[in-house]
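Engineer: Single-letter residue listing:
2 protein chains.
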Amino acid sequence: MGWGDLGVFGEPSKETPNLDRMASEGMLFPNFYAANPLCSPSRAALLTGRLPIRNGFYTTNAHARNAYTPQEIVGGIPDSELLLPKLLKEAGYLNKIIGKWHLGHRPQFHPLKHGFDEWFGSPNCHFGPYDNKAVPNIPVYRDWEMIGRYYEDFKIDRKTGESNLTQIYLQEALDFISRQQVRQQPFFLYWAIDATHAPVYASRGFLGTSQRGLYGDAVREIDDSVGKILKSLQKLNISENTLVFFTSDNGAALISAPNQGGSNGTFLCGKQTTFEGGMREPAFAWWPGHISAGQVSHQLGSVMDLFSTSLSLAGLQPPGDRQIDGIDLLPVILQGKLIDRPIFYYRGNEMMAVRVSLYKAHYWTWSNSWEQFSQGIDFCPGQNVSRVTTHTQEEHTKLPLLFHLGRDPGERYPISFASDEYQAVMERISPVVEQHKETLVPGEPQLNVCDKAIMNWAPPGCEKLGKCLEPPESNPQKCFWPH
Amino acid sequence: MGWGDLGVFGEPSKETPNLDRMASEGMLFPNFYAANPLCSPSRAALLTGRLPIRNGFYTTNAHARNAYTPQEIVGGIPDSELLLPKLLKEAGYLNKIIGKWHLGHRPQFHPLKHGFDEWFGSPNCHFGPYDNKAVPNIPVYRDWEMIGRYYEDFKIDRKTGESNLTQIYLQEALDFISRQQVRQQPFFLYWAIDATHAPVYASRGFLGTSQRGLYGDAVREIDDSVGKILKSLQKLNISENTLVFFTSDNGAALISAPNQGGSNGTFLCGKQTTFEGGMREPAFAWWPGHISAGQVSHQLGSVMDLFSTSLSLAGLQPPGDRQIDGIDLLPVILQGKLIDRPIFYYRGNEMMAVRVSLYKAHYWTWSNSWEQFSQGIDFCPGQNVSRVTTHTQEEHTKLPLLFHLGRDPGERYPISFASDEYQAVMERISPVVEQHKETLVPGEPQLNVCDKAIMNWAPPGCEKLGKCLEPPESNPQKCFWPH
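Residue numbers (our numbering), protein chains in the order written: chain A, 443 to 925; chain B, 443 to 925.
Looking at chain A on its own, in the form it has when it is part of the complex (with noise of 0.2 Å):
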């Protein structure tokens, strides 16, 4: 989902009641990020706190290549990590992940061995259907075992788009809740669905009713379930007792635009890119009696400080024995206050840019490459910006490419190499950049190797249901990263 998603973003259909009121009843903040223009990496950081360079999320088969966990993929979440649910069981959580994971598909990356309690959903995305002989469906778990595959037992319908999973996923958030509240147990809830994703799909009663069609369908759907949960919530009187965050794993894609993807707003490019577009996120948090209504924090926020925030929330500490690279964002959100911290854009192995203040710094700068681009794929379709957006690799790390983005959040004006601003402002730059790199442990590479067979041919639950698979001969193989 992107920025430029939501009406409390600028949407012009205005079309997200329950997300803009959530919004407003909070805190909203405009400047916070995705970890990495991609879904795998950015959830990995999101659970760990760290930077995918940190927690092995990220590929060094080629350079500044985009990587992510699909159903071939050998690597997933390491045991070496320390995710967020699995910390905040020592204060007393239960904790559920309800729709995709994202972290691995084999049986050590299982999210109940990593320290959730519960899960429905699935692996990976909904991508397919797939044929069941070169590439299965994916399957969808309740906890230990598979229930059902998509476009199988979870349909999905690619003609019209109907699909239930969000329905499905609401009443499982509504159960997991409600249940909680009779337990009198906290609860970490990772309400991760799997919409907006292509292939996007919405449920019956929603299709055909957005101005922006199908993809504003789904977004209507989410729209809509999130103000059941809040709701929920609220009727059940732990409304003042629970923090709610929302926000996404990286920008639209306007790879699948106009008729799947959807905005990024006034920011350059989408989804896989470094630009504004591909990590800027919708993000609020809303917690009544806590968080007063109408708020606007320019805190540089990250995905990553949820993890952060939860624990500190819980009253823990994040480990001390690594690099955490959220903050803490309670004295941002309790008291107003702001914390200088820089955000670091990654593509693969590669810090493509920083920004710090108001300022963004580009090292490197691609959209994608010519062969693919010569194929149709675009990330920046109609937004060409000379020197800007590119089909090589460019590099900048002499002389980056410096943006103010008060003055130009769509990253089209670079300001001259030859100013006394540039000066000035690369001179706080440069050091950061600097000690980041020089400090930087990065982790093990999880997504260099994929292996057909270690899809998901026969998970647990498959013999119950009838639907184990054979798997073909192992091949592993060094993963091709296109982007």
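These are computed hints drawn from the structure, not numbers from a lab.
Just to be clear, a hint being listed does not mean it is correct.
Unchecked claim - Estimated spans, in silico, between C-beta atoms of each pair:
(1) B/859 / A/732: 51 to 61 Å
(2) B/865 / A/780: 48 to 58 Å
(3) B/780 / A/735: 22 to 32 Å
(4) B/829 / A/819: 43 to 53 Å
(5) A/860 / B/829: 28 to 38 Å
(6) B/459 / A/617: 32 to 42 Å
(7) A/586 / B/829: 50 to 60 Å
Claimed, not checked - Simulated crosslink set (BS3-like; lysine-lysine; CA at most 27 Å straight-line):
(8) A/779 / B/456
(9) A/456 / B/779
(10) A/597 / A/840
(11) B/555 / B/779
(12) B/456 / A/456
Stated by the list, open to error - Just so you have them, the derived chain B footprint on chain A, three or more residues with Cβ under 8 Å:
(13) 462-474
(14) 652-659
(15) 696-702
(16) 816-827
(17) 837-843
Cβ coordinates follow ideal geometry from the N, Cα and C atoms, glycine included.
Given chain A's structure and the hints, the job is docking chain B onto it.
Structural biologist: Showing chain B alone in chain A's frame:
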């Protein structure tokens, strides 16, 4: 000012709390348009309720050229046009214009000759400073007499951007409203301020306060002023008797970006163009006790509707002897109705595009000429959409370029000519355009002739100030309009 300049329309720095609150307390119009992508024609249309092609605010000197009323223009608002204040007089309204008139600067075009009872402001923008030899500085009037000139008596420091003009205009408004409340006489106030026009300025208290630079400072000052005007209406207990409407006369000028230009949010290009960025405007109606809070109307609106709506509010009928393009928005504002109507996008003498419901068909496209573009003049910086933004005038009258503004507000994805959607939609749009063109009686073009002799050399009042200048000999010429 552009659609994307306000927080409520998605400006990332969210610096317009008063305007955002005004919008949230009333009815938001995300589909509201200027009558032209340029100031004078749009303002002429606002006050006449008629398209510039009808009221004469266009040129036939060249095809599809934007024209306005600089100091050397011979024409202006024709006597045959009936302006809103003139009509409102019949219902006992006292009418004041504060700020930029822009409908002709020669004596016969004076606002007090066209229905206004009071005027404080200038006939033109504050371009300059001029040398008072080749070009005189722009006068500022109080009613019939010049009381000084920009840059001389009304200071604008082009180096620092400091000027208290908006503060003067604010005080004039507050004084007028307060006087009218004492008089118990209904009033029409046209607060037609000069900011945020380039060269941009703000008063000392606002300089350097925005995340967006000087332009943002100017936006913040407008926001603050509108907040004070609304507060004054409430303090005087007349807010429930006063409809306040906020909008602008054209999109943000991207040619001045980023330092002096604003934001058109997700929309394509800016001022001077008939893409959405040139004509879609921030707009909302505020009327406590009559308009309930939090409403959003997707009515296709136009500044011309303010003419018909104001007449309706005063219990008057629009003139029946001429074509009026504005519609009465009262059923929309008070009863939430939606009125089917097209929006026509003109550039000078050419209908460039038309919007019908969510579809927009371009019959002509043009950004600006290659000649100007090569000189660095760019109305679409960083936004080159193949076959859409062009530097030659492109005719599409046989096969218009069609966009769905819901799925694609940025006009980046033309709908395939071969699609069923294209066929079906053009069957709806074509008769609307045919009917418009067949019945159109263009007005006498007012913006064809320029003459340096008729500049503001010696306006009434200049003697008292010792500021009368010697005009050159009359030498009427065809005006040259480059865009």
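Engineer: Of all the hints numbered above, which does this structure not satisfy? Sort the numbers upward.
Structural biologist: Those not satisfied are hints 4, 10, 11 and 17.
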